[in-house]
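Make a model of the complete structure from these sequences and hints.
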Amino acid sequence: MRKLLEFEIFDENLSASKKRNRNYDDVLVVGQPAYISLQKIAPSQSKYVILNNGGEIEVFTTTDQPISLQTPLLLEHFPEINLLSRTFSDRIKDRFLQIIFEDENRHQLSQVQLNLTVVRVCLDVDANRDGIIEEDNPHKADWQWGINGHGAVLLVNSDRDIVYSNEESDSEERLIKSLLDLKDFSLMIVRKAGLRDLPSGYDLYLSVNKDTAKRIRIYDELDREGYELIGPGRTSAKIRDTDRDILLAIEGLSYPDVDFDGLVEITLSLVKDEEYLYSDRVIFKVAPWIMTPNTLSPIEVFVSRLSNGINKEFIEELRKVVGKANAQLDIIPFELHQDDRWMQDEIEIGYTQAPGHLMYVVLDSPRDRGLVDFPKTKLLGIDFGYVTRKSRYQATKLDSFGNLEVSPPVTVKGVHYPFGRLIFGGTRKEIISQPRRMLKVLRDFLYAQKIQAPFEIFSDWLSVGHIDEFMTFVPAPTAKGFKLLLASTNQFYNILKSLQQQGHGRILLRQGKRFSRGSADISVSDVLDDEKLREDNHRFQEYINWNREVLTQELDLGEEDIIELPALFEKDRDGRAETFSPNMVNMIVLKQHLGIPKPFGPKIDNQCQFEAYVKEVLEPLGLICHFIDDWEPYFLGRGEIHCGTNVRRQPFTQKWWEVEPTFL
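So the sequence shown is numbered by numbering that gives the first Met the number 0: it starts at 0 and just counts up by one.
Calculated directly from the structure, the hints in this document are not laboratory data.
In this text, all values refer to a predicted model and were calculated from it rather than measured experimentally.
Mixed in with the good hints there might be a few duds.
[What the hints assert, rightly or not] In silico lysine-lysine, DSSO-like type, Cα no more than 30 Å apart, as pairs:
| hint | residue 1 | residue 2 |
| --- | --- | --- |
| 1 | Lys271 | Lys39 |
| 2 | Lys479 | Lys614 |
| 3 | Lys389 | Lys375 |
| 4 | Lys602 | Lys531 |
| 5 | Lys92 | Lys191 |
| 6 | Lys570 | Lys531 |
| 7 | Lys531 | Lys496 |
| 8 | Lys512 | Lys311 |
| 9 | Lys389 | Lys319 |
See below:
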């Protein structure tokens with residue numbers, strides 16, 4: 000509480016006239032009590048005090064009891080008082096408080112006249128998240144999760160996810176480019192202070208701390224002339240027009256990260272001669288980047304059209320599956336991919352959301368190969384944002400986004416994850432001699448979003464190093480709503496053993512397909528007789544089992560929630576695994592339609608036994624299996640359908656700010 004007349008301790012040495020009459024000017028803030036110590040300003044012989052007011056001024060005791068005016072009061076009963084005004088002034092010194100001190104004989108000893116001007120200091124936001132900026136919400140300076148929570152939400156603007164260091168401050172005056180920009184902004188209102196010109200020496204300032212200034216921009220006015228008030232290198236701005244409400248636009252410049260929790264505090268302060276007298280503040284939370292799981296409906300599928308036409312037939316088969324899922328296929332021309340076919344590795348499409356506005360956001364990986372310009376050139380635009388993380392360290396294969404997945408929503412030991420959990424692959428140094436790990440800047444970014452509670456599994460045993468080589472999720476009519484599909488070398492061998500026992504040891508796998516070194520044909524018996532291959536796959540299965548345990552624990556899965564699909568691997572020069580034949584788990588999931596790599600397994604009665612097994616375990620779930628030949632365009636390049644495609648999906652219907660994440 001602000002104290003008035005603190006400097007005014009009664010001086011017995013003053014002249015008689017000055018003792019009798021003292022005049023002062025001051026400023027009150029609407030709705031904010033101010034304190035006066037009557038004892039300190041009273042002459043020593045004072046016994047009584049009389050209080051008179053002019054204009055809208057209320058006088059209370061320090062226990063909030065109204066005080067009678069124009070009535071002699073015993074000073075010892077009222078040594079301190081509080082003043083309160085609920086309306087702002089329309090002219091300077093439009094109200095006053097008169098204080099008269101009397102001795103025990105009721106002779107006047109002194110009179111103090113306090114001339115007052117009242118201003119409003121009020122900064123408002125959409126604190127209850129209903130899309131409306133309400134006036135002076137009591138919770139605007141706090142942020143709380145939940146459907147009954149409070150605190151404003153701030154979007155990161157499409158192409159400005161940059162944190163400026165002190166040396167890189169951008170002092171350029173930025174303008175709001177167009178009305179379309181405004182959809183990406185959150186809004187604030189600086190309420191009318193009252194007077195056009197505040198009393199001499201007084202100013203209103205909007206301010207943030209130095210770190211926050213690197214994370215946001217605040218613009219004055221919602222028109223083409225709106226200019227930057229606060230941003231990188233600029234922590235405060237004077238409010239010049241105090242006789243009207245001022246609408247401000249605010250944009251985020253960076254998502255939550257290891258050094259930024261996403262909370263943004265903005266302060267409006269009344270300042271006199273560089274002394275801060277009173278401040279009103281608001282809190283925003285930057286909306287996180289959210290990834291969408293396979294259980295959400297697809298909208299659009301992206302695939303590169305290769306210049307040599309090698310994936311022409313693949314695209315047409317994929318188009319049929321996409322159409323059945325009521326989605327659209329967006330075929331990317333050569334100039335945007337330079338024959339880089341690995342669409343999944345370059346980007347991950349998620350979204351961010353504030354009340355009344357949702358924006359898709361592409362997370363661009365640091366792999367930066369032929370598709371490097373695709374996300375900015377093709378995707379970035381109206382309602383489609385962009386974010387990336389770069390490092391001075393060289394990216395590895397684990398930094399591609401075939402190595403990033405998200406589970407469907409899960410409940411783990413009573414803790415609900417309504418947006419699922421992010422999963423990415425890493426290493427185990429006790430096993431891998433030359434370990435690789437996802438770049439720290441990427442891991443930090445994923446962990447900092449918090450809402451999808453990431454965890455790390457083991458993918459460095461694979462040559463490509465991506466978790467989509469051994470796992471995926473599909474929708475299912477179960478209590479959990481999904482099944483985890485895992486690659487299984489055991490299941491691969493079980494099917495081959497059964498065929499051999501039935502006398503089918505001579506039938507071929509990969510029949511009619513070729514490697515650069517020659518025919519890919521190999522018999523069931525030849526595979527089973529290859530002890531080195533079996534030994535390697537026993538080791539690879541142990542790695543899958545290790546991941547299975549982690550996934551089971553982190554997602555609270557039962558055995559009934561996991562389905563194994565046959566897969567086999569070969570050891571590369573570094574001892575890591577490469578796929579032996581097209582890997583069916585590396586599929587594209589489009590609602591109930593699954594685009595699965597055609598495995599070219601052993602056939603009986605013209606029926607691929609791997610395909611038959613997969614249909615047997617998946618079709619009872621209402622899933623429809625579409626086996627697509629990806630041998631030449633993708634498998635020979637050490638990838639599959641999931642690696643070569645990308646999907647934009649419907650967002651969650653649940654709003655992220657409405658949840659109460661007990662896992663944070």
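Status of each hint after checking the structure:
1. Lys271 to Lys39: Judged against 30 Å, a Cα distance of about 23 Å means the pair holds.
2. Lys479 to Lys614: Between Lys479 and Lys614 the Cα gap is close to 21 Å, so the pair holds against 30 Å.
3. Lys389 to Lys375: Holds, at roughly 15 Å.
4. Lys602 to Lys531: holds, 25 Å
5. Lys92 to Lys191: holds, 18 Å
6. Lys570 to Lys531: Holds, at about 10 Å.
7. Lys531 to Lys496: Holds: Lys531 and Lys496 sit about 17 Å apart, inside 30 Å.
8. Lys512 to Lys311: Since the Cα atoms of Lys512 and Lys311 sit roughly 18 Å apart, the hinted pair holds (cutoff 30 Å).
9. Lys389 to Lys319: Not satisfied, since the Cα-Cα distance of roughly 37 Å exceeds 30 Å.
The structure is inconsistent with hint 9 alone, although it conforms to all the rest.
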